[in-house]
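Enquirer: Spelled out, the chains give:
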Amino acid sequence: MNKNMKQLPFFAPIVLRLGLSGVFVWFGASQILDPGAWISYIPTIAVHVTGLSSLTLVTCNGIFEVLMALLLVFGIWVRPVAALLFLHMCGIVASVGLDSIGVRDIAIATGLLSVTLYGNDIISWHYAPPVPPEGLLPKK
Amino acid sequence: MTTNKKLALTLGILVVATAGITAIVQNGPSTARPATTTTSTSTAISTSTTQGPDTYTLAQVAQHNNGASCWTAINGDVYDVTSWINEHPGGPQAILSLCGTDGSAAFNGQHGGQARPAAELATFKIGTLVQ
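For the protein sequence lines, the chains are A and B, in the order given. Start counting the first sequence at 1; every next residue gets the next number (the working numbering). Start counting the second sequence at 1; every next residue gets the next number (the working numbering).
Simulated from the structure, these hints should not be mistaken for lab results. Check the hints yourself; a few may be wrong.
[What the hints assert, rightly or not] Here are the computed lysine to any residue pairs in the SDA-like style, where the Cα-Cα straight-line distance is at most 25 Å:
no. : chain 1 : residue 1 : chain 2 : residue 2
1   : B       : K5        : A       : W77
2   : B       : K125      : B       : A68
3   : B       : K125      : A       : W77
Turn these sequences into a full structure, and let the hints steer you where they fit.
Expert: This is the structure in C-alpha cells:
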C-alpha cells in the first residue's frame with residue numbers, strides 16, 4: 001500500500017463530521033426559515049410542557065441545530081457537541097417512531113455516536129491524536 | 001494560525017455556505033406556501049376546468065397525478081397538495097406517491113390520529129369527493 005492510501009483513514013472522521021454538520025445546518029436553517037412546514041413534528045406534550053407555540057419550538061430547535069452544527073463544523077468541542085446532538089437525535093427518533101424518517105434519523109444518530117467516540121480529528125480546532133486500545137492492536 | 005486550523009476554517013465555511021444556501025433557496029420567501037391554497041395558481045387553473053368547484057370525482061382527481069398538479073383524496077375530501085410536495089418534512093416522494101389517487105390509507109397509516117398533520121392537510125382542501 002502506498003503512502004497516499006495509508007493516509008486516507010485520517011480523512012474518514014473529517015468527512016463524517018463535516019457531512020453531519022451540513023445536515024444540521026440545512027435542517028436548522030430550514031426550520032428557522034419556514035417553521036410552519038415543520039410543526040407537525042412537534043409532539044403535543046412539548047407544547048403543553050413548555051407553554052410555547054409550535055412555531056416558536058420549531059424556531060428554537062432550528063437555532064439550536066445551527067449553533068451545534070457551527071461548533072461541529074469548525075471542530076470546536078467536538079465530543080460534547082456530537083454527544084448532545086446524538087441525544088437530540090435519539091429524542092427525535094423516539095418521537096417520530098420507526099418509520100422511514102425514523103430509520104434515517106437512526107443512521108444520523110449512529111454517525112454522531114461515531115464522531116462522539118472519535119472526538120477531535122486531525123483538522124479539528126483542538127486536535128489530539130487518538131490512542132488505540134492495546135488489546136485490539138495486532139501483535140508485531 | 002496553524003495549517004490544520006486554516007483548513008478547519010476553510011472547509012467549515014464551505015460546508016456551512018453550501019448547506020445554508022441550499023436551505024435558503026429551498027425554503028426562502030420565494031417558495032413560501034400561500035396562506036390559503038384555494039387562491040393558488042394551480043388550484044385556480046384546475047377548478048376552472050371542472051364543472052363543480054366543490055365536488056370532484058376520483059376520475060377528476062386522477063387527472064392531477066403529477067408534481068405540476070397534484071391532487072389527492074383523503075377520507076372523503078379532495079386536496080390540492082402541489083405546493084406541499086417540496087415542503088413535506090418527510091420528503092417529496094411521500095406526497096408524489098399520492099398524486100391522483102385516494103391517499104386515505106397512506107395518510108391515515110402515517111399520520112392517523114395526529115392533530116397537527118390533519119390541521120396542516122385541512123389548509124389544502126379544495127372540495128369533497130363524490131362517486
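Enquirer: Hint check: B:K125 vs B:A68, CA-CA at most 25 Å. Holds or violated?
Expert: holds (17 Å)
Enquirer: Decide if the proposed pair is consistent with the structure: B:K5 and A:W77, CA atoms, cutoff 25 Å inclusive.
Expert: holds (14 Å)
Enquirer: Decide if the proposed pair is consistent with the structure: B:K125 and A:W77, CA atoms, cutoff 25 Å inclusive.
Expert: violated (48 Å)
Consistency note: the structure conflicts with earlier hint 3 alone.
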